Amino acid sequence: DVKVTQSSRYLVKRTGEKVFLECVQDMDHENMFWYRQDPGLGLRLIYFSYDVKMKEKGDIPEGYSVSREKKERFSLILESASTNQTSMYLCASSGLRDRGRYEQYFGPGTRLTVT
Amino acid sequence: RKEVEQDPGPFNVPEGATVAFNCTYSNSASQSFFWYRQDCRKEPKLLMSVYSSGNEDGRFTAQLNRASQYISLLIRDSKLSDSATYLCVAHYGGSQGNLIFGKGTKLSVKP
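Listed in order, the protein sequences are those of chains S and F. Residue numbering for the first sequence is 4 to 118, as defined by the numbering used here. Residue numbering for the second sequence is 92 to 202, as defined by the numbering used here.
Looking at chain S on its own, in the form it has when it is part of the complex (with noise of 0.2 Å):
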């Protein structure tokens, strides 16, 4: 079974302050993806990463940056936290099983609160 862990299930910060999300996942897979989820906007992404090192920026980076240094950790960094950074994240990753195939598992999340 795909394995995808995070750091925190509640976080509660102050704005200004630098938060860390970190992610975990034990398949060896190749791609992570960083999301927040905010009610009746569905899922968007924020950054993803395609290897160790790389990172691409998703729908709406700003205000994140990412860090991947290991093949199985990818971390999202909120460098001053605001009260609309208030949200759900969602770390998942995914591995290239068989040609053109793309599943994606996802970690239980962080419910991050910036008061």
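Note that these hints are calculated values from the structure, not bench results. As the structure is a prediction and not an experimental result, all values here were calculated from the model. All clues given are correct.
Okay, derived cross-link-like pairs now, EDC-like style, lysine to aspartate or glutamate, Cα gap no bigger than 20 Å in a straight line:
1) Lys-136(F) x Asp-29(S)
2) Lys-133(F) x Glu-25(S)
3) Lys-58(S) x Glu-25(S)
4) Lys-170(F) x Glu-106(F)
5) Lys-194(F) x Glu-106(S)
6) Lys-194(F) x Asp-41(S)
7) Lys-6(S) x Asp-130(F)
8) Lys-60(S) x Glu-94(F)
9) Lys-133(F) x Glu-106(S)
10) Lys-6(S) x Glu-134(F)
11) Lys-197(F) x Asp-41(S)
12) Lys-93(F) x Glu-59(S)
13) Lys-93(F) x Asp-62(S)
14) Lys-170(F) x Asp-148(F)
15) Lys-133(F) x Asp-41(S)
16) Lys-194(F) x Asp-62(S)
17) Lys-197(F) x Glu-134(F)
18) Lys-93(F) x Glu-106(S)
19) Lys-170(F) x Glu-147(F)
Given chain S, put chain F in place with the hints provided.
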């Protein structure tokens, strides 16, 4: 813009009913499609993958119509435990792993 559109619902059905969700996608280059299930305040979980015209797994059947660019999910003999939000997902296209997620259809199965 590449999008996946779903009826948000909610679909309220009695136990034992058959319910169908439809979903349309805009990117004709998409080759792979998925249905995910998401329970309240939990992460999405893969329900079914669709790589050809369709897929069936027990009470769940997914069908793909490439000409009309829509995917459907049929749930037969609904159970109370089927209550969840169902996300329709399309592969972005090309060799990268990006997926495009619909906003989900909420299903509530009542006794």
